[in-house]
Amino acid sequence: MEMQSLILLIDDNKDSLQVLADILQRQGYLVTAANHPYKALKLIERVKPDLILCDILMPDMSGIELSKKIHEQSDFQDVPLIFLTGKSETDDVLAGFEAGGVDYICKPFNQAELLARVSTHLELKHARDQLALYTQHLRVLNQEKYDLLHIAAHELRNPLNAISLIAQAMKNAKNTFPLEKIHNIGSAILRDIQLMATITSNLLELDQLESQRLKPRFEKVNLCDFVVSCGEDFKSLAQEYKIGLNIQTDPDCSTMTDPLLLKQIVHNLLGNAFKFSPSGSQVELGLAFSGSQHRIWVKDQGPGFSQADRSRLYQKFARLSAQPLRHELSTGLGLAIVKKLADLLAIQIELDSEPGQGACFTLYFEPLQSK
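Counting in the UniProt record's numbering, the sequence shown runs from 1 upward without gaps.
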């Protein structure tokens with residue numbers, strides 16, 4: 001039984017309304033009432049009940065006609081209506097069903113029967129509502145899967161076409177390829193294969209996240225050690241790209257999180273920072289306690305993000321205005337994964353960026369509570 005369900009009572013007999021209201025309210029139901037069909041029509045302009053109990057014989061408009069008017073409204077087609085009828089009116093029951101009624105109770109009614117029928121139809125309505133929500137959710141997921149497969153097929157087709165063209169050129173070559181050309185061709189093929197492998201891996205990871213099959217394993221994490229470790233992972237890349245890596249830490253920061261998933265978030269953000277930062281610039285990885293939250297940030301001196309970029313920042317396969325400076329691989333899935341992982345770990349993520357002024361991604365999460 002749905003204890004806080006709202007039931008609308010419609011009967012021109014005020015004594016009958018009072019008896020019904022008392023019985024239902026004692027069972028924990030919310031009750032509203034109308035003693036005239038036109039008052040009922042006015043009432044449902046303001047409230048939507050979960051169930052309606054309606055007398056058949058009323059002045060000016062029968063309960064059957066009222067049921068038709070109520071169920072003509074799209075918002076009320078799913079609201080169950082039970083007729084209250086005298087034994088002499090049972091011939092009207094079939095007409096009542098055709099008018100949208102789902103059941104009837106004979107007057108004088110038995111209290112146990114009344115409550116049983118009310119409870120049954122409320123449970124059925126709740127089940128239908130849940131099924132409708134679940135069906136809509138499945139429709140959305142199915143459309144997202146279709147869209148993702150369509151985009152993925154397009155993204156994978158580009159490197160496949162490139163490999164096909166290279167293979168065709170090699171097949172049609174009349175002379176032996178020089179070693180340097182073979183090396184360049186091999187590098188191009190490997191780059192395209194790596195891109196396809198990365199796209200496939202990212203798609204599988206997104207599928208795990210969106211289907212809620214990826215379960216975080218929370219543990220106590222010293223964020224100072226964590227940030228230093230992430231910085232160490234990118235030192236060689238910083239040297240290769242001739243980019244300064246500035247690490248700032250706070251020694252007294254700990255939290256409960258999944259360190260592997262958090263590292264994936266930070267690695268994605270650091271990878272993007274280096275990808276889009278020119279040589280001679282600085283990338284900053286920081287940790288601090290501010291207010292009541294810890295924050296980790298990744299800041300770069302790259303091209304930043306436009307307003308148009310920000311509106312689709314976390315979309316799958318989003319094509320943003322900036323391009324990697326050294327022709328690094330970019331699948332368009334990295335930030336989508338970052339956002340999904342952040343949501344999974346209950347981490348808030350914010351971006352501070354202006355075009356031409358670099359970007360700063362900040363992660364906010366709760367500190368470890370002392371016992």
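Hints in this document: simulated from the structure, not taken from any laboratory.
A couple of the hints might just be wrong.
Unchecked claim - The list that follows gives simulated cross-link-like pairs (lysine-lysine, DSS-like), each with its CA atoms no further than 30 Å apart: (1) Lys107 x Lys145; (2) Lys215 x Lys145; (3) Lys125 x Lys181; (4) Lys242 x Lys215; (5) Lys68 x Lys145; (6) Lys220 x Lys107; (7) Lys145 x Lys69; (8) Lys14 x Lys39; (9) Lys242 x Lys145; (10) Lys181 x Lys215; (11) Lys14 x Lys215; (12) Lys48 x Lys14; (13) Lys181 x Lys263; (14) Lys263 x Lys339; (15) Lys68 x Lys48; (16) Lys39 x Lys145; (17) Lys145 x Lys263; (18) Lys242 x Lys220; (19) Lys220 x Lys181; (20) Lys145 x Lys42; (21) Lys14 x Lys125; (22) Lys42 x Lys69; (23) Lys145 x Lys235; (24) Lys242 x Lys339; (25) Lys107 x Lys69; (26) Lys68 x Lys235; (27) Lys235 x Lys125; (28) Lys215 x Lys339; (29) Lys263 x Lys340; (30) Lys48 x Lys69; (31) Lys14 x Lys145; (32) Lys242 x Lys263.
As the list claims (entries may be wrong) - Ranges between beta-carbon positions, derived for each pair: (33) Leu204 x Lys39: 35 to 45 Å; (34) Ile166 x Arg128: 52 to 62 Å; (35) Ala95 x Asp15: 40 to 50 Å; (36) Asn142 x Ser321: 45 to 55 Å; (37) His327 x Leu165: 43 to 53 Å; (38) Asp103 x Asp15: 50 to 60 Å; (39) Gln143 x Pro108: 31 to 41 Å; (40) Asp343 x Pro108: 25 to 35 Å.
In this text, a Cβ means the ideal position worked out from N, Cα and C, and glycines have one as well.
Hints versus structure:
Only pairs whose Cα atoms come within 30 Å are accepted, and lysine 107 paired with lysine 145 is rejected, the gap being roughly 54 Å. Distance check on the hinted pair: lysine 215 and lysine 145 sit about 21 Å apart at the alpha-carbon level, within 30 Å; holds. The straight-line distance between the Cα atoms of lysine 125 and lysine 181 is roughly 70 Å, outside the 30 Å bound, and the hint therefore fails. Of the supplied pair hints, the one linking lysine 242 and lysine 215 is violated, its CA atoms being roughly 38 Å apart against a limit of 30 Å.
This hinted pair does not check out: lysine 68 and lysine 145 have alpha carbons roughly 40 Å apart, beyond 30 Å. Between the alpha carbons of lysine 220 and lysine 107 the distance comes to roughly 65 Å, so the proposed pair goes past 30 Å and is violated. Taking the CA atoms of lysine 145 and lysine 69, the gap is about 41 Å. The hint is violated against a cut of 30 Å. The hinted pair formed by lysine 14 and lysine 39 meets the criterion: a straight-line CA distance of about 13 Å does not exceed 30 Å.
Taking the CA atoms of lysine 242 and lysine 145, the gap is near 41 Å; set against the 30 Å cutoff, the hint is violated. Between lysine 181 and lysine 215 the alpha-carbon distance is near 47 Å, which puts this suggested pair outside the 30 Å criterion. A distance of roughly 57 Å separates the Cα atoms of lysine 14 and lysine 215; the hinted pair therefore is violated under the 30 Å criterion. Between lysine 48 and lysine 14, the direct Cα distance comes to roughly 22 Å. Compliance with the 30 Å bound is thereby established for this hinted pair.
For the hint linking lysine 181 to lysine 263, the alpha-carbon distance of about 39 Å lies beyond 30 Å, and the restraint is violated. Distance restraint check for lysine 263 and lysine 339: the Cα-Cα separation of roughly 13 Å lies within the 30 Å cut-off, and the hinted pair is therefore satisfied. Using a Cα cut-off of 30 Å, the hinted pair lysine 68 and lysine 48 holds, with the two alpha carbons roughly 16 Å apart. Annotation: proposed proximity of lysine 39 to lysine 145 is violated, straight-line Cα distance about 48 Å (limit 30 Å).
Simply put, lysine 145 and lysine 263 have alpha-carbon atoms about 27 Å apart, close enough for the 30 Å limit, and the pair holds. As the CA atoms of lysine 242 and lysine 220 are separated by approximately 35 Å, the hinted pair breaks the 30 Å bound. For the suggested pair lysine 220 and lysine 181, the alpha carbons sit about 53 Å apart, so the restraint of at most 30 Å is broken. With a C-alpha separation of about 44 Å, the suggested pairing of lysine 145 with lysine 42 is violated against the 30 Å cut-off.
Restraint check: the Cα-Cα separation between lysine 14 and lysine 125 comes to about 28 Å, which is no more than 30 Å; the hinted pair holds. In summary, the hint linking lysine 42 to lysine 69 is supported, as the alpha carbons are separated by about 12 Å, within the 30 Å threshold. With a C-alpha separation of about 38 Å, the suggested pair lysine 145 and lysine 235 falls outside the 30 Å cut-off, and the hint is violated. Of the supplied pair hints, the one linking lysine 242 and lysine 339 holds, its CA atoms being roughly 29 Å apart against a limit of 30 Å.
With a C-alpha separation of about 24 Å, the suggested pair lysine 107 and lysine 69 falls inside the 30 Å cut-off, and the hint holds. Between the alpha carbons of lysine 68 and lysine 235 the distance comes to roughly 73 Å, so the proposed pair goes past 30 Å and is violated. Taking the CA atoms of lysine 235 and lysine 125, the gap is near 60 Å; set against the 30 Å cutoff, the hint is violated. Of the supplied pair hints, the one linking lysine 215 and lysine 339 holds, its CA atoms being roughly 16 Å apart against a limit of 30 Å.
Between lysine 263 and lysine 340, the direct Cα distance comes to roughly 14 Å. Compliance with the 30 Å bound is thereby established for this hinted pair. Between the alpha carbons of lysine 48 and lysine 69 the distance comes to roughly 14 Å, so the proposed pair stays at or under 30 Å and holds. Between lysine 14 and lysine 145 the alpha-carbon distance is near 56 Å, which puts this suggested pair outside the 30 Å criterion. Restraint check for lysine 242 and lysine 263: satisfied, since their Cα atoms lie roughly 23 Å apart, inside the 30 Å limit.
For the pair leucine 204 and lysine 39, the beta carbons lie near 59 Å from each other, so the given range of 35 to 45 Å is not met. At roughly 57 Å, the beta carbons of isoleucine 166 and arginine 128 sit within the given window of 52 to 62 Å. In this structure, alanine 95 and aspartate 15 break the distance hint of 40 to 50 Å, their C-beta atoms being roughly 26 Å apart. In this structure, asparagine 142 and serine 321 break the distance hint of 45 to 55 Å, their C-beta atoms being roughly 32 Å apart.
Distance hint for histidine 327 and leucine 165: a CB-CB separation of about 18 Å, inconsistent with the stated range 43 to 53 Å. The given range of 50 to 60 Å is broken by aspartate 103 and aspartate 15, whose C-beta atoms sit roughly 23 Å from each other. Taking the beta carbon of each, glutamine 143 and proline 108 are about 53 Å apart, not inside 31 to 41 Å as hinted. Distance hint check: the CB atoms of aspartate 343 and proline 108 are about 56 Å apart, inconsistent with the given range 25 to 35 Å.
Going down the numbered hints, you'll see the structure goes against 1, 3, 4, 5, 6, 7, 9, 10, 11, 13, 16, 18, 19, 20, 23, 26, 27, 31, 33, 35, 36, 37, 38, 39, 40, while the others check out.
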